[in-house]
Amino acid sequence: MSDKISLAGDLGSGKSTVSAILIEKLGAQYYSTGAIVREIAEKHGMTVGELNVYMETHPEIDHEIDDGLVRLSDDDRLLIIDSRMAWHFTKGTFKVYLSTDTVTSALRIMNANRVGEHAATLEETVAQTKARRESEKKRYFEQYGVNIKDLSNYSLIVDTTYATPDEIAAVIADGFAAWQKDNTFTSVMLSPKRLDLSAGEENGNVVVSEKDGTFTLMSGTAMVRAALEEGKTFIRAELRS
Numbered sequence: 547m548s549d550k551i552s553l554a555g556d557l558g559s560g561k562s563t564v565s566a567i568l569i570e571k572l573g574a575q576y577y578s579t580g581a582i583v584r585e586i587a588e589k590h591g592m593t594v595g596e597l598n599v600y601m602e603t604h605p606e607i608d609h610e611i612d613d614g615l616v617r618l619s620d621d622d623r624l625l626i627i628d629s630r631m632a633w634h635f636t637k638g639t640f641k642v643y644l645s646t647d648t649v650t651s652a653l654r655i656m657n658a659n660r661v662g663e664h665a666a667t668l669e670e671t672v673a674q675t676k677a678r679r680e681s682e683k684k685r686y687f688e689q690y691g692v693n694i695k696d697l698s699n700y701s702l703i704v705d706t707t708y709a710t711p712d713e714i715a716a717v718i719a720d721g722f723a724a725w726q727k728d729n730t731f732t733s734v735m736l737s738p739k740r741l742d743l744s745a746g747e748e749n750g751n752v753v754v755s756e757k758d759g760t761f762t763l764m765s766g767t768a769m770v771r772a773a774l775e776e777g778k779t780f781i782r783a784e785l786r787s
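Counting from 547, one number per residue, gives the positions in the sequence shown under my numbering.
Rather than coming from a laboratory, the hints here were simulated on the basis of the structure.
Keep in mind that a hint or two might mislead.
[To be verified] Simulated restraints, written as ranges between beta carbons of each label pair:
| hint | residue 1 | residue 2 | range |
| --- | --- | --- | --- |
| 1 | 748 | 711 | 29 to 35 Å |
| 2 | 622 | 759 | 32 to 38 Å |
| 3 | 750 | 596 | 32 to 38 Å |
| 4 | 669 | 730 | 40 to 46 Å |
| 5 | 622 | 590 | 31 to 37 Å |
| 6 | 638 | 693 | 20 to 26 Å |
| 7 | 680 | 616 | 22 to 28 Å |
Note that CB positions come from ideal geometry on N, CA and C, so glycine has one too.
Please model the complete structure; the sequences and the hints are all you need to start from.
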């Protein structure tokens, strides 16, 4: 059984684009439950958002998808698994979560122009994206008792809001290599641009809390300010509840 990377994250966080880079970089193969969901939605004549709501009362669709994730545990291939739930169902994965702010998420979804995944305006798409997130969170908690938005479930959290796909893939590849040497490896890599300097203590390491996709700076304001001045893409942070 080969080590695998399970890639979860916010809608529009760049999972498919980053997966394509990792596949080439690591010589891995790709498995996407998102593609499966889009096929099911099209077959039923629904948007992805409508299907998410439908699945709240039709768990058999989730179970079909999740059974496939369980079977990947014994797969001998090096896989990049683009899935909300692979971290939970597929054993022995390096658990990665890609985070992005809501507006950036909505803009990326609109630019991707996938049928049934966005509304006509940015405001409507933001609202639709939030509704999809909440629907998924509710569904998985009711069915499996897990919170897919609890970032403590993941080994690596990467903020994709201001980073390029290549920069994100490089952080994941480095983290994967570190995790293969020590499975207790964890890391949080955030954009300093996403942190409000008016909050938090000036001194100390960068410590943040997270709620509903928003990171709040608790300490390390000086380090974040320095990272901004130096134009750094990422700053390492400690996540506390």
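Checked hints:
1. Checked against the hint of 29 to 35 Å, the pair residue 748 and residue 711 passes, with Cβ atoms roughly 34 Å apart.
2. Taken as a hint, the range 32 to 38 Å holds for the pair residue 622 and residue 759, whose Cβ atoms sit roughly 36 Å apart.
3. Checked against the hint of 32 to 38 Å, the pair residue 750 and residue 596 fails, with Cβ atoms roughly 47 Å apart.
4. In this structure the hint that residue 669 and residue 730 lie 40 to 46 Å apart at CB holds, the actual value being about 43 Å.
5. Checked against the given bound of 31 to 37 Å, the beta carbons of residue 622 and residue 590, roughly 34 Å apart, stay inside it.
6. Remark: the range hint 20 to 26 Å for residue 638 to residue 693 is upheld by a beta-carbon distance near 22 Å.
7. A beta carbon spacing of about 26 Å between residue 680 and residue 616 agrees with the range 22 to 28 Å that was offered as a hint.
In this structure, the one hint that does not hold is number 3.
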